[in-house]
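Counting with the working numbering, you get residues 4 to 580 for the letters of the sequence shown.
Each hint should be verified, as a subset may be incorrect.
[What the hints assert, rightly or not] Okay, the calculated beta carbon distance ranges per label pair:
hint: 1; residue 1: S94; residue 2: R527; range: 50 to 60 Å
hint: 2; residue 1: S104; residue 2: K298; range: 30 to 40 Å
hint: 3; residue 1: K567; residue 2: S95; range: 54 to 64 Å
The set of hints was computed from the structure by calculation and includes no laboratory data. Built from N, CA and C at the ideal position, the CB exists for glycine as well.
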Amino acid sequence: MKHYSEAFSQSKWSFDEKSDSFKFISITTLSELKEFLDIIHIRETLLKPYFENKNYPLIDVRALLPSFESDSFEYHNLPGFSMLVLDRKLSSFQEVFQYDSLHPVSEFLSFAKGPCCPLESYVTQINNHTMLSRMPRNFHEEFKKKFQRQDITVLDLYPQLLPYLIEMDRAHVLSKSFYGHYQLSGVFASFPSDMNGEIKRFGLRIGKFQMDNDELYQRNRNFVMQYLMELYGFPIASERRTSAALFSRRLHKAGESFLIRVLGQSDRVITTIWNDHQHGRYPSVEKITLVSIDKEQADIINEIKEKNAFVDEKKRVIILRTLYKQHAFNKGNVRQDRALSIMSHEIIHPLTEKSITNINVLRDTTNLIIRLNDIIRGEYFGTVIYKKTELIENTDTEEKRLKFLFTWLSKHQRRIISYSDEFFLDLSKILEAYLSKLNADDSSELRELVQENLNKFSFILQARKVRALEEISIRKYKDKVLNYEQMISEAVNITKELRFESVHYFETIIESTLYEIERILNNRYLLKNYIEKSESQLTARGNEIKKNYRKLVAVRDEILGIQKSHTKPQEINYSGF
């Protein structure tokens with residue numbers, strides 16, 4: 004592509020501004036409207052700024068991996084907007100949000116006594132006045148020239164209206180007309196968000212808060228906020244994204260079919276939260292953005308080139324859509340902070356709009372190892388927010404490398420816990436070689452940074468064993484189905500390792516370990532067929548199961564004792580590998 008105007012020229016919704024080929028658009032389903040909006044928003048709010056700004060800040064593809072991080076900068080020269088779509092006709096007084104109404108001329112056709120509606124001129128004038136009253140004054144003359152005599156509510160004009168809609172501080176609203184077709188129904192809409200109430204109710208429900216327990220509330224408040232926001236595809240971020248997340252939660256609970264879309268000037272990502280007559284626990288979440296493929300991913304680059312799917316081949320830029328899956332909170336899960344994970348992702352062809360689903364851009368473990376090596380060698384160029392407060396640019400000093408590494412480990416912690424033993428072995432070798440050398444220098448000024456990286460790695464190491472224990476508790480371990488003898492034997496081995504490693508104490512690891520041990524000990528089949536029977540009633544294999552069961556109980560009691568000795572969660576310094 005040489006210009007954004009070429010975008011989607013071969014798609015169903017192709018259009019040419021000069022020929023004004025968007026004529027008589029009639030859309031009646033939310034899924035079709037979403038497809039239409041995808042094309043318009045990608046073209047006008049992602050591709051257009053990209054081609055008009057030589058230094059457009061492309062997204063690092065890893066920024067699309069949960070958990071999401073707050074953004075470093077606000078790009079005021081880039082577009083941002085909020086939008087609400089309701090799959091029904093609006094009723095102004097009954098709505099739970101405030102907005103300025105726009106009225107389609109078609110509403111007043113009943114007054115027409117001939118080929119023309121006598122109120123057409125008046126209605127278009129009122130609509131234009133509403134738009135102008137919420138638009139920066141420097142756009143007024145231009146807007147009047149373009150839309151003075153037009154019904155701005157029809158979808159035909161939405162692509163031409165979008166540059167003006169994104170200049171407004173608040174959301175625009177689309178809904179169905181009296182005839183069942185989608186239209187622009189309002190502007191300057193405010194999304195209500197009872198943030199205080201939602202956070203406290205959610206925290207109480209998942210057991211992170213207790214009534215009148217201020218200490219527990221203060222300790223877990225950030226965790227609850229982050230988890231709740233991440234369920235809807237955002238970090239703890241701006242009011243625009245916060246209100247969108249909480250309002251979508253409210254609409255979904257009310258059973259509405261809706262679509263909320265947000266583009267932030269800081270994240271440069273179109274985030275869509277929507278529910279199209281689905282009955283799931285949460286609405287669907289997806290993100291669309293422009294990303295650059297790492298030059299090391301030669302195979303992927305060649306595949307994309309073959310399909311002519313690059314927006315900019317020289318800079319390896321593609322349009323990437325990522326779909327997410329939400330997870331219910333599970334206190335016993337060692338990855339209990341995992342609110343969201345990637346369900347699938349696809350490249351959107353910039354000309355045809357077709358989805359390319361067979362190219363793996365996000366789930367490349369080799370690329371993770373390459374990135375880790377780049378950080379440790381000081382060859383990584385980019386920025387991260389260290390502990391949500393300090394902006395770190397590049398990795399040209401040892402201090403920056405350690406801060407980058409800690410942020411990288413924190414970002415990918417959940418994935419490292421889940422990935423294969425082969426991948427973890429490669430990662431461990433790299434970290435051991437790097438951190439052991441720095442840890443050996445007792446006089447190092449960076450000792451505190453080295454220690455926090457060692458502690459982070461220790462947590463991941465223990466968490467992988469707890470994850471293995473989770474698999475054992477359901478009798479599936481390393482892609483094998485376990486019998487009860489194997490289940491109890493493997494559980495004893497792993498819990499013994501965790502007991503010794505608990506000198507490097509992490510409260511969440513201990514809680515998850517005890518939770519999984521209790522699941523195994525309370526297995527009804529195990530209790531009925533082995534534990535509750537006398538030794539004389541059991542075979543040699545049965546007695547071995549009962550013997551290991553007692554060992555597991557003993558290990559459980561030792562871990563409980565360790566937990567009781569720590570009155571408050573704390574981390575013991577890890578001395579090394």
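Consistency of the hints with the structure:
no.	hint	in the structure
1	S94 / R527: 50 to 60 Å	holds, 53 Å
2	S104 / K298: 30 to 40 Å	violated, 51 Å
3	K567 / S95: 54 to 64 Å	holds, 60 Å
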